[in-house]
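*Asks:* Add chain Y to chain D, keeping to what the hints say.
These protein sequences, in sequence, are chains D and Y. According to full-length UniProt numbering, the first sequence is numbered sequentially starting from 1. According to full-length UniProt numbering, the second sequence is numbered sequentially starting from 1.
Quick caveat, the hints were computed from the structure, so don't treat them as lab data. It cannot be assumed that every hint is accurate.
Okay, derived cross-link-like pairs now, DSSO-like style, lysine-lysine, Cα gap no bigger than 30 angstroms in a straight line [said to hold, decoys possible]:
#1 Y:K161 to D:K36
#2 D:K161 to Y:K36
#3 D:K160 to Y:K161
#4 D:K161 to D:K27
#5 D:K73 to D:K129
Stretches of chain D that chain Y covers, calculated by requiring three or more beta carbons in the stretch to come under 8 angstroms of a beta carbon on chain Y [as the list claims (entries may be wrong)]:
#6 90-101
#7 107-116
#8 137-149
In this text, a Cβ means the ideal position worked out from N, Cα and C, and glycines have one as well.
Here is how the chains run, residue by residue.
Protein chains: 2
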Amino acid sequence: MDLLYFFLLIWPPYVANGSAVLANKFKIRHPIDFGKTFVDGRRIFGDGKTYEGFLIGLSTGTFIGYAPNLLYKHLSLLDAFVLSIAALLGDLFGAFIKRRLCMPRGYPAFPLDQLDFLLTSLAVYTLYKDISVEYIIAAVIITPLIHRITNYIAYYLRLKKEPW
Amino acid sequence: MDLLYFFLLIWPPYVANGSAVLANKFKIRHPIDFGKTFVDGRRIFGDGKTYEGFLIGLSTGTFIGYAPNLLYKHLSLLDAFVLSIAALLGDLFGAFIKRRLCMPRGYPAFPLDQLDFLLTSLAVYTLYKDISVEYIIAAVIITPLIHRITNYIAYYLRLKKEPW
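Next comes chain D alone, as it looks inside the complex:
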């Protein structure tokens, strides 16, 4: 397993998923589900998933996600685009599951919130480029560690009240 390739691979989905929340700074946002409800009477995705967030995530994930490959040349810009769009679709799927379980927006769900975007991203990527299953397993194993680190950073930057 090539550790450099591994980090280059998980970087675009992490950037896409992490940057999408920046849309919360916008005053006007448009929910992806247009405010519509599912057959169970609850929102399809909820107000947390917006076109603005999707577009920020997609563009940031594609360009910032691709950036390190200017130096290391493992992924193409298209690869970063595919990894990013799949990550955002995986995140939407996670929100869909949470809405079906009546969980309100922002309700914590570990490791669903951490794996939905990452595993979908890598799974879709394998449909068009071969990656060893080791990379998928490594992504699952490293997830709690990355979750821990990003939460601590957010806590010290006062973006979060609790360190978990």
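*Replies:* Leaving out everything else, chain Y in the frame of chain D:
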């Protein structure tokens, strides 16, 4: 895939995991980690995991978990015992992960809380009896549904404040 066998298989871990919380009714309980902390300074498992809960879960999981096999004869009492003890160890492992991530006792973690005991139970069981991988996949797929149903029941019985 034999659907009857599937439900007989997941019944002991569900009973073991679900009945362990009955120990919360006891006035005096003994934490499995003896109140000790891990190298990170946080509790190994926390006050939520007690010897009382483990023993209730193990005995209930073994006997009530075995009970339907008096009729259907798919599992032995030993099978139910193995499935139950592995479920409780999986639940402990889940608590260990949550403590490492600074999550307080009872903090929700979907689907970690729902899969830790179930997947550990089935994984340990496969070490001594052959079960098809379909059963493991089916257990993962049915998990959100069972989670939903048990939460609704707990909500209507006023054991939980929210229906999620």
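*Asks:* Provide an ascending list of the numbers of those earlier hints which the structure does not satisfy.
*Replies:* Failing hints: none at all.
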